[in-house]
Structure formats: C-alpha cells, structure tokens
Amino acid sequence: MTADPAPPDTQGTSPAATDPKRSRGGDDGGSGGGFGYILRHQSFVVIVVALAAALVIGAILIRYQGVNPWYAYETIFREALLTENGLTRTLIKTTPLVLTGLAVVLPLRVGLFNIGGQGQFVISAAMAGWAAYATRETGFLALIIAIVVGLLTGAIWASIAGLLKTSRGVHEVISTIMLNNIALGIIWWMVTTGPAVHKNTSQIPMTGPLDEAAYMPVIAGIPLGFVIAVLLALACSWMLTRTTMGFRFDTVGKNKFAAGYAGIPIARVILMAMAFAGALAGLAGAMEVTGTMHHFEPAIGGTLGFDGITIALLARSNPIWTIPAAFLVGILRTGAAGLQFATGIAPEIVDLLLALILLFVSIPVLGKWIFRSRADKVEASSTSWGN
Amino acid sequence: MSEWFARNRAMAILGLVVLVLAYAYYFADKTTALSMYRYSWSYAVPLVLCAMVGVIGERSGVVNIGIEGQLLVAAFAGFFGAAYSGSIIVGILAGVGCGLIMGGFLAWTTVKWRMDQIIAGVVLNIVATGITSFYYKPGQLLPSLMPHVNIPGLSSIPLIGEVFFKGTGVIALAAIVIAIGVHLALFRTKWGLRTRAIGEYPSAADTAGINVIRMRLINVTMAGALAGLAGVYLSMDSTSSFERGMSAGRGFLALAIMIFGAWRPLRAAAAALFFGFVTAAASQLQADKVIDVAPQLVGTLPYVMTLVVLAVAAGKVRAPGAVGQPFIKEGQ
Chain W
2 MTADPAPPDT
12 QGTSPAATDP
22 KRSRGGDDGG
32 SGGGFGYILR
42 HQSFVVIVVA
52 LAAALVIGAI
62 LIRYQGVNPW
72 YAYETIFREA
82 LLTENGLTRT
92 LIKTTPLVLT
102 GLAVVLPLRV
112 GLFNIGGQGQ
122 FVISAAMAGW
132 AAYATRETGF
142 LALIIAIVVG
152 LLTGAIWASI
162 AGLLKTSRGV
172 HEVISTIMLN
182 NIALGIIWWM
192 VTTGPAVHKN
202 TSQIPMTGPL
212 DEAAYMPVIA
222 GIPLGFVIAV
232 LLALACSWML
242 TRTTMGFRFD
252 TVGKNKFAAG
262 YAGIPIARVI
272 LMAMAFAGAL
282 AGLAGAMEVT
292 GTMHHFEPAI
302 GGTLGFDGIT
312 IALLARSNPI
322 WTIPAAFLVG
332 ILRTGAAGLQ
342 FATGIAPEIV
352 DLLLALILLF
362 VSIPVLGKWI
372 FRSRADKVEA
382 SSTSWGN
Chain A
147 MSEWFARNRA
157 MAILGLVVLV
167 LAYAYYFADK
177 TTALSMYRYS
187 WSYAVPLVLC
197 AMVGVIGERS
207 GVVNIGIEGQ
217 LLVAAFAGFF
227 GAAYSGSIIV
237 GILAGVGCGL
247 IMGGFLAWTT
257 VKWRMDQIIA
267 GVVLNIVATG
277 ITSFYYKPGQ
287 LLPSLMPHVN
297 IPGLSSIPLI
307 GEVFFKGTGV
317 IALAAIVIAI
327 GVHLALFRTK
337 WGLRTRAIGE
347 YPSAADTAGI
357 NVIRMRLINV
367 TMAGALAGLA
377 GVYLSMDSTS
387 SFERGMSAGR
397 GFLALAIMIF
407 GAWRPLRAAA
417 AALFFGFVTA
427 AASQLQADKV
437 IDVAPQLVGT
447 LPYVMTLVVL
457 AVAAGKVRAP
467 GAVGQPFIKE
477 GQ
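Chain order of the listed sequences is W and A. Here the first sequence is numbered in my numbering, starting from 2 and rising by one per residue. Here the second sequence is numbered in my numbering, starting from 147 and rising by one per residue.
Next comes chain W alone, as it looks inside the complex (with noise of 0.2 Å):
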C-alpha cells in the first residue's frame, strides 16, 4: 500500500464552496474523490483480512443454525470444484459475475458507482433470449444474435443513467436503481403479456427454449462465455493501462476539473464508461441465457448483478482482480445448492456472506487499525476545509 501524495480531495471541496448553484449531481467530483479514497487504501492484507473476518462471522452465524460451519464450508468448497463436472459448473457461474463485476469496475474508474448491473443484466437478458427464440431457425446465427442483442441493450439501459447524468446531473446511484425497477417490470410484462410471452405447461412465464445450436458451447469443461470473460477482464485492463481512453478514464475520475482544463471531454467520457459498463453486464445476460438456462426468465440469475459490486470492490477496481474475486463468489454460489442438500441451510447464506465481505472490504478504517500511521497522516493533511 503506497500512500499517494496527490491530494485526494481538492475536487470535492472547492465547487461546494465557490458554486452556490451547484445542484445534487454536482457532487460527483466529490464521490470521485472520496472511491479513489478507498480503492487506494485497501492493499491485499485488507482483503485477505476482511475475507477472513467475514468467514469468521459467517462461521459464528452457521453455528447458530445447528451446523458445523467447518462442514458447511468443506461442502461449499467440495461441492463448488472437487465434484463431477462441479468445476465447469463453478466456471459457468463465475462468467456472468465477473461481467457484472466488470460493469462496476469502469464506471468506477471515472468515479461513477454503477449499482444498475442488476437492471442491465436482466433485460438484455430478456431481449437476448426473445431474439434468439425469434430467431431459432437460424441454428448458430441465434447465438451471435444473442450476444449482440445483449451487447447493445445493455449499452443503451446503462446510457440513460449516463445521459441523465451528464445532460441533467442526476446521480447516477439513484437513477440506476430506478432503471432497475423499470426493468424488472418490462421483463415481467414482456414474459407475461407481452411480445416475449411463450405458452407452456410450467407455471413460470418465459420465453421459448433455444435450439441447441444456439446454445454457448462448452469445450473440454471450460466453457467459452468463461474465455471471453476473461479476456474481456484482460482487454479492459489493458485499455485502462495502455491506451489513451484509459488515461482519460483514470484523469476524470481522479479529478474531474483537471480533466476539464486539459481537455478531455468529460461528458463523453462518462457515457462511454456507461455504456461499455452497460455492454459489459448485457453480455452477461446473453451468456446467462445461452449458456446457463437456454431460455428466458425472470428470476434469472438472481442477484448476479448486485454480485457485481462487491466483486469490483473486492478486486479493488482491478479488471483482473475481478477474475478471482468472481471466481470466489462462483464458488460460493454454486456450492450454496450442495450445502442446502447436505445441512438446509438456506442457500441465501450466500447472500448474508457476500454482504459481510462487502462490508468489510469498504471499511476504511480495517486498513487504518493495519496501517495505522501512514493513513491517518495522508489524510490529515490533504483535506482541509475553506480552500
């Protein structure tokens, strides 16, 4: 952990003081500062501490459902990788999460926090799965058709938050999490009387099964929405590190007036970063729908997109960092099903776990009590009030 010696925070206080006009979206600067904050202030001993603590206080809380929490993690664990076909399960649900997860990371790079994963995710996952049923005849073609019908759906949800941000100064927190309502009830009216509406005899609405052309293959146990995963998390770091776009992205989000005076455009900049994050979570849901339940339904997923954020705050807003850290929450997820078989413990242990590692992971003072000294004092003297 390095302590940075550019003064985190000059963005924040200055336009508060100087516009009084300044309306609720024009905090951003703030925000900006203040994620950078914590993603610089969190090395791996944090992680792995906060990891620990969270299996800790999980364990404490599995004791209190009757089971012994160190059976209950070995059956995560075996059930997750040392099963037949468990690890290729476990890579199938880790591809949509670090996905989602890297929806969450761009964004945040420009200093936008993308809680919209969840909404982006779930209604390219509906047209996906509408587009490739429309389009079943067409054997392989349905695939590609899923994928780019995702691709683009999610840019577009994804760039009305961005949009409304940059044009209206809307905080991109609030009018994400309004988008995914807005989702959830057109996807329930596409499958229920909707254009997507499938008859069948289950009593779940959905749209049509795929044909198994269409299905995401799946080669020698790794399937291959796991591949282009994985170099999407690649190819995401290497724009963020190598190119000029990636500068942009990593200047406006760490201080966005500098930005300004040098002349990149930051409202572009922002919208791009929606919509690549939006592409990125809607390529998810096409992977889900082709490769996980081969059609389309509402529940689908369950919460791979909220997922996405403490994956992204877990890999510390590293694209490669996501790629473990979704690996993670894949192994949980899957060997959540096992251990609700082997003890009945609710498989939303997951959910109350994953919460835990959130919260430990965003605690910035877990990183003072380790590195007591030097954060305190970078803090104290970059931040003060009346400049």
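Hints in this document: simulated from the structure, not taken from any laboratory. Some hints here could point you the wrong way.
[Unchecked claim] Okay, the calculated bits of chain W under chain A, using three or more residues with CB under 8 Å as the criterion:
| # | segment |
| --- | --- |
| 1 | 174-181 |
| 2 | 191-197 |
| 3 | 305-313 |
| 4 | 337-350 |
| 5 | 356-363 |
No residue lacks a Cβ here, since even glycine has one placed at the ideal position from N, Cα and C.
With chain W's structure known, arrange chain A on it following the hints.
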C-alpha cells in the same frame, strides 16, 4: 401572516388549486375519490417518513443512500418481532430500534471514519438484503392488527378528515405530526439553525462553537428511527406480511421526493402525496380500462416519475452546501 404569504405565494396558490380540485372531484364521485385519496395517503406515509430521514441527514451534511436498507431491516424486525413475541408493541419497538442501529452505523462510518457516504449507504442496503433474505421465514402471522383510531372532531371534516383522521393507523397519524414537527424544528428552533449550519458551512459552524461531528452523529442516528417507523408501517400496517425485498426502492423514491421538495419537510411531504396520487390515479385508470397498459408497466410508474422529477428538478433546486463531504476539524 401576510409576510408568510408573500414569501410562499406560488406554493400557497398551488396548494389552494389542488385543494379545490380535490374537493371538486370528491363531491362529484365520492366513493372513487375517497378510495383513491386513501390509497394515495397509505402509499405516501412511508415516503413521507423516509423523506424526513433524507432531509435531516442532508441538512446536516450527510447523504443517506441507505434509507432503503434501514426501511427493509425495520420492516423485517418489526414483523418478526411482533410475530414471535405476540405483541404489536414489541414489533414496533424492534423496528424503530433497528432503524436507530442502522442509522447509527451509517453515522459512525461516514462521520467518524469518513467513509465515502455513497459507498457506505450502498453497503448498508446490500447488508440489509443479505440479513433479511437469509433469516426470512415464510408463513408467520401478526398477532393482531395495528390499532386504527378516529380522531374526534377532525374526522368529521369532509375529505381531509375522512382521509387523514378517520380509521387511520397510528403511524400514519404520527407521520403527519412528524412532518410538521421536523419542519418547525428545522426552521424555528436552535437545533434547526445549528443543523442547517453544519450542513451548509460546517467550518463556520465549528468556529461558532458547534460540535459538528457530534451533531451529525446524533442527527443521522435519530433520523434512523423515522426510517424504522416507515418500515414498521410497511410490514405491519399497509400490508400484514413481510416479503423479501419489500421496500422495492422506496428509500430511493424518498430521496427523489426530498429533492423535489427542495430539502424542505412540508414540501417533501406534499411531493410524497403527489407521488401517491399519481400511482393511485394510474391504477384507477387501468382498473377502469381507460388506459390499456399491462399492470407490470403501470407498476414502474413511480420509478419513471422519479427519473423525470430528478431530471427536471436538478439544477432548479439547491442542495445543502456541504452534503456528501466529511468534516475534518482544522489542525487535526
């Protein structure tokens, strides 16, 4: 009085017009109007309370994105507290207590530890979802219904009395008192002046001898009790059950309502009523087959409206100056 009218002319005229229209509809079609108004108010009650949480927090300089989580945990604790103990009172206390704890957590992490306020709130929401969905047990029942009362005198007023004071739950009544109380406290008391000062320009307030950190801690924590009350209303009064994720974005609607109400308690309450009325009108029109839109799409109306309201209101209203920024005392 005339001075007050001069300052609030637009609002007063708008309110008068709305009131006249409301009465006109009421006398034209009593049953439909009353059921619509009642629905509006029951929809608005948790929003009013949550908007107060937002107002108190942001007036003190702390963004509370975690209202949603406070609401959910309070609804959970209230319902299951009542179901397991067999007492409504215990349920209410459990809900309000949980609201206080969640508020205290947000206050401590953001004010004391200077954690990013947005991240802290989102974490709070995810933790709330995790806890409530894991410990949720289906098939529980409330021991009894929430007490509903008639206020003598007031309940005989046509329309207003019938909607607000006749057979309404105690929390709905409390919401009226709280909205007025928060307004008076914020603009007429020493506490209010200090709260607005620490949210607007904390270093000046600090120079004047106000303990900014302590005041923010107390305000944000105490506001949590109101979110707790809203949660209790959600699971024990407007419905008598708890469902996973039943807060359904209301905490965020409340923030939008707070902005729409320009960070003023009474205007926010009026905005909440407006949200409730639009929702009631939409479902009424749909039930009457006047508009032919699927119920799932009608259900998204509050969220669409929130986006529109935010897009329109942003730039027209001004947030408290120091919202979202941690306070660090000079020289520390």
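Verification of the supplied hints:
1. By the rule of at least three residues with a Cβ nearer than 8 Å to a Cβ of chain A, the coverage given for the segment 174-181 of chain W holds, with 7 such residues.
2. Chain A is given as covering the segment 191-197 of chain W, and this holds because 3 residues of the stretch bring a CB closer than 8 Å to a CB of that chain, at least three being needed.
3. Counting residues of the segment 305-313 of chain W whose C-beta lies closer than 8 Å to any C-beta of chain A gives 3; at least three are required, and the coverage claim holds.
4. Using a Cβ-Cβ cut-off of 8 Å, 3 residues of the segment 337-350 of chain W lie near chain A, which meets the minimum of three, so the contact claim holds.
5. Residue count for the segment 356-363 of chain W with a Cβ under 8 Å from a Cβ of chain A: 5. That meets the three needed, and the coverage hint holds.
In terms of the numbered hints stated before, the structure departs from none.
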